[in-house]
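Trainee: So the sequences go chain by chain: A and B.
The opening position of the first sequence corresponds to residue 712 in the working numbering, with each subsequent residue numbered one higher.
The opening position of the second sequence corresponds to residue 6 in the working numbering, with each subsequent residue numbered one higher.
Among these hints, one or two may not hold up.
Computed, partial: chain B to chain A, Cβ under 7 Å [stated by the list, open to error]:
id : residue
1  : Ala-28
2  : Ala-29
3  : Ala-39
4  : Gly-64
5  : Ser-90
6  : Leu-95
7  : Leu-101
Hints in this document: simulated from the structure, not taken from any laboratory.
Ideal Cβ placement from N, Cα and C applies to all residues, glycine included.
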Amino acid sequence: MPQSIHRIEIQSQLENLPGARLFVRKFCQKDPCQRLAGEDLWQLELAVHEAATNIIRHAYGNRTDQRILIEIEAFEERLMVHLNHWGKPFVQRGSVSPPVLDGTSKSGFGLYLIERCVDRVRYECTPTGKNIISLLKYRTRVTPPQGPPGRPFKQKGDF
Amino acid sequence: MNLEMEKTGTVVIVIMPGETFEAAAVEDFKHNIAPVIEDNTHVIFDLSNIRFLDSMGCGALLSCHRKLKEKEGKMGLCCAQKQVSAIFDLMGFPQLFDVFETREEALEAYS
Numbered sequence: 712m713p714q715s716i717h718r719i720e721i722q723s724q725l726e727n728l729p730g731a732r733l734f735v736r737k738f739c740q741k742d743p744c745q746r747l748a749g750e751d752l753w754q755l756e757l758a759v760h761e762a763a764t765n766i767i768r769h770a771y772g773n774r775t776d777q778r779i780l781i782e783i784e785a786f787e788e789r790l791m792v793h794l795n796h797w798g799k800p801f802v803q804r805g806s807v808s809p810p811v812l813d814g815t816s817k818s819g820f821g822l823y824l825i826e827r828c829v830d831r832v833r834y835e836c837t838p839t840g841k842n843i844i845s846l847l848k849y850r851t852r853v854t855p856p857q858g859p860p861g862r863p864f865k866q867k868g869d870f
Numbered sequence: 006m007n008l009e010m011e012k013t014g015t016v017v018i019v020i021m022p023g024e025t026f027e028a029a030a031v032e033d034f035k036h037n038i039a040p041v042i043e044d045n046t047h048v049i050f051d052l053s054n055i056r057f058l059d060s061m062g063c064g065a066l067l068s069c070h071r072k073l074k075e076k077e078g079k080m081g082l083c084c085a086q087k088q089v090s091a092i093f094d095l096m097g098f099p100q101l102f103d104v105f106e107t108r109e110e111a112l113e114a115y116s
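Okay, chain A solo, but in the shape it has when bound (with noise of 0.2 Å):
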């Protein structure tokens, strides 16, 4: 069971992402539990800034009227942040490449700036249309699995 739950709600509009980076650094430097600092906490950020800018763009269409909810759970070792839309379901891939810097690719730089700054990723459907985008950030470094960085877990009980 998580220690604690905190959740924002904001609409898909890009300038509502300030906002979400704030919640989510307000929740950290308040987190009852060993405190997320420094790089970790700005890769978190980074993270859910960059899930929410796909969200509106690729889930949602850039439509500005529709709902992000995202939920911080605090756990004595991770902090898990699950973000919820309705719009359309991304993919689970099995990894994420680097990104091609020769200026021909105007997409993908965020799946891999994700995958780089968070521990696990993870995205689920659910039956009544809500898809979920889940981070994982342990609070203490820990050797990433074999394979790419940001590995995305394949099995729910993975987290």
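Let chain A serve as the given structure and place chain B on it in line with the hints.
Mentor: Quick look at chain B alone, frame taken from chain A:
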């Protein structure tokens, strides 16, 4: 987005405004930077004001780099704060761009 610029010889320095360079500002940036890229060959972006950069901001910088490279120009970044530098490292930018600690270093290299 108003881009403040300083020109020294053939080098133009673009001082990025605001504290963040993120998705919400990228379209405006592209609109404003297009004539700068069109009219110049050596461009340095001064990022000293920027505390937060996201993937869309990175993509916009990459696009500028590609356009300058196409006309045999150069693009550099300078004065990045710690978090922005860390994102550059995650993205692999130092392998692609000239990244300078200070504006003076950048100008010296490009002049």
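Trainee: Which of the stated hints cannot be reconciled with the structure, identified by number in ascending sequence?
Mentor: 3 and 5
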